[in-house]
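Protein chains: 4
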Amino acid sequence: MVNPSAGGTETHGDPQSRLPDPVDTALRVRYGECDPQGIVFNANYLLYADVAFTEFWRATVGPWQEMVLAGFDAVVAAANLRFRSSAIFDDELVLRTTARGLGETSLRSDVAVRRGPETLVEIELRHVCIDVSSRAKAPWPGWIRERLSPPVGRS
Amino acid sequence: MVNPSAGGTETHGDPQSRLPDPVDTALRVRYGECDPQGIVFNANYLLYADVAFTEFWRATVGPWQEMVLAGFDAVVAAANLRFRSSAIFDDELVLRTTARGLGETSLRSDVAVRRGPETLVEIELRHVCIDVSSRAKAPWPGWIRERLSPPVGRS
Amino acid sequence: MVNPSAGGTETHGDPQSRLPDPVDTALRVRYGECDPQGIVFNANYLLYADVAFTEFWRATVGPWQEMVLAGFDAVVAAANLRFRSSAIFDDELVLRTTARGLGETSLRSDVAVRRGPETLVEIELRHVCIDVSSRAKAPWPGWIRERLSPPVGRS
Amino acid sequence: MVNPSAGGTETHGDPQSRLPDPVDTALRVRYGECDPQGIVFNANYLLYADVAFTEFWRATVGPWQEMVLAGFDAVVAAANLRFRSSAIFDDELVLRTTARGLGETSLRSDVAVRRGPETLVEIELRHVCIDVSSRAKAPWPGWIRERLSPPVGRS
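These protein sequence lines map, in sequence, to chains A, B, C and D. FYI, the numbering for the first sequence is 5 to 159, going by the working numbering. FYI, the numbering for the second sequence is 5 to 159, going by the working numbering. FYI, the numbering for the third sequence is 5 to 159, going by the working numbering. FYI, the numbering for the fourth sequence is 5 to 159, going by the working numbering.
Just so you know, the hints here were simulated from the structure itself, not pulled from any lab data. Treat the hints loosely; a few may be bogus.
One copy or two, either will do: identical chains are not told apart, so a pair holds if it fits within one copy or between any two.
Result set (SDA-like, lysine to any residue): computed pairs, CA atoms no more than 20 Å apart in a straight line [unchecked claim]:
id, residue 1, residue 2
1, K141, L152
2, K141, L124
3, K141, Q69
4, K141, T109
5, K141, F76
6, K141, V80
7, K141, P40
8, K141, S90
9, K141, A74
10, K141, V98
11, K141, P155
12, K141, Q41
13, K141, V79
14, K141, S110
15, K141, M71
16, K141, S89
17, K141, D77
18, K141, R130
19, K141, E70
20, K141, A81
21, K141, G42
Based on the sequences and whatever the hints tell you, model everything.
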């Protein structure tokens, strides 16, 4: 869905580093998330993507609030969703979050919403790093960048 | 639903003042607020109550953020809901908010969710005034109290 | 919070039966569930209660949809919430659901929203059994009633 | 944002017909729609887009349920969001919905979320017509198609 070689400043193609491993998050569909068609209301997939990305961040960088306390935040600049099939109440879903490209101030990722072997919804996200006090775009601080682009050979 | 004479410190029974007039707020049910039964999901009535109370506040006291900028906020301490009938997608509802009792630090009110002549849901709320910086319970500041208990005779 | 001996037709006081055991459900607070005060928006506790009750039902009676396919549903007739303290983003909560009284057509329960040893919010619920096709109130079918009031002595 | 000449089967370029006029929908941001950053949580813009599209449909085709009762529904197949700036609590927004291309079974549109002269968020939508009973993709029925592509010269 995403061409990781597209962004010139991205480290993805850097032979000295790689992007982190995908992270899976399990989630059960809540009744209140479903609409009169009996399926998950479309806006809730973007809510799911936020849950998934938060867990990706926890596994890869650390708890979200650790970043905020350090003076940085990440906001969604773009989101593209493709709805292929529908989840229903009580479905057990797996959200797979995969980093696709790391820029100076941004991170592209995608979240695949799966039920068993089937991908129901595909979501591409672009997050941008901001400074919490000024709310202006900011380069990723070094410690975050390192965790998002671990050098080849690490474990 | 509420006994206004119950609270000893409440001004409701004070012959020199009264509680403000009820405020009506119109609202159309959104598709994403309805569940697989085709009706508004129960938690969303509490969301509606917040919308209604915000409009009551605007009409009676002023914009909510004016209070926050002045260093005070109001939080919900209790909410009781009675579900009598169901609203469905695209229904045009009227939310009637009525103040029921003003205390030193609290305000009791109720919100009636109506569709035409029918009351679908009854919601009792108890808000408590807090100091924004300490987040501790605080007496209503004078200017808010005056707007919530206008002297008798004021048009 | 609830007086289980209050309802005359309730089986709770029946020496031949008892109510089912409480059921705990773990839940992590999502970012989108929090408001500008940085705390869980009050309406979302009613959403949490629904998640908790669904898991109570799964553990005690079976999957919710099993009931619906058998022609019955349970709707919330009343909900009372007491907000004592606030949950924040990323908190790990435990929702304890306890049945409090079983009537011919109703079930009273409460959900305690806990963070560690602290109870943040207390929610009382009254569900009513309805017939799916007519949407009219209906007595609990025997198989549901049996699972909600297991005879004393059952493991 | 959208190239209306891209879809081969679209009537947009048909000199005998045109797409309907944009429809504006006013909306005030609710407190519970905002997150701890104090801004509208990103998923809620997709909820707003659904509100806007429903009003576009009402103005152009008729009430949504009229279509459903006639045996058809429209589901979102794709949504792309660009977040340029943020709305906050109590903001009065205008959502402008513009049809961009009509296919045999689909409709492309976009929703611009505006605050005064500023566009905060741009959302592209692709809806697909389905048969309510089979839930399979279906051509737009004639009466819907006519309202979505009024002949040039009408009013």
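Structure-based check of all given hints:
no.	hint	result
1	K141 <-> L152	within (18 Å within a copy, 41 Å between copies)
2	K141 <-> L124	between (33 Å within a copy, 16 Å between copies)
3	K141 <-> Q69	within (18 Å within a copy, 27 Å between copies)
4	K141 <-> T109	within (7 Å within a copy, 41 Å between copies)
5	K141 <-> F76	within (10 Å within a copy, 31 Å between copies)
6	K141 <-> V80	within (12 Å within a copy, 32 Å between copies)
7	K141 <-> P40	between (40 Å within a copy, 18 Å between copies)
8	K141 <-> S90	between (36 Å within a copy, 14 Å between copies)
9	K141 <-> A74	within (15 Å within a copy, 30 Å between copies)
10	K141 <-> V98	neither (31 Å within a copy, 26 Å between copies)
11	K141 <-> P155	neither (25 Å within a copy, 47 Å between copies)
12	K141 <-> Q41	between (40 Å within a copy, 15 Å between copies)
13	K141 <-> V79	within (10 Å within a copy, 33 Å between copies)
14	K141 <-> S110	within (9 Å within a copy, 37 Å between copies)
15	K141 <-> M71	within (15 Å within a copy, 31 Å between copies)
16	K141 <-> S89	between (36 Å within a copy, 12 Å between copies)
17	K141 <-> D77	within (10 Å within a copy, 31 Å between copies)
18	K141 <-> R130	within (13 Å within a copy, 31 Å between copies)
19	K141 <-> E70	within (18 Å within a copy, 29 Å between copies)
20	K141 <-> A81	within (11 Å within a copy, 32 Å between copies)
21	K141 <-> G42	between (40 Å within a copy, 17 Å between copies)
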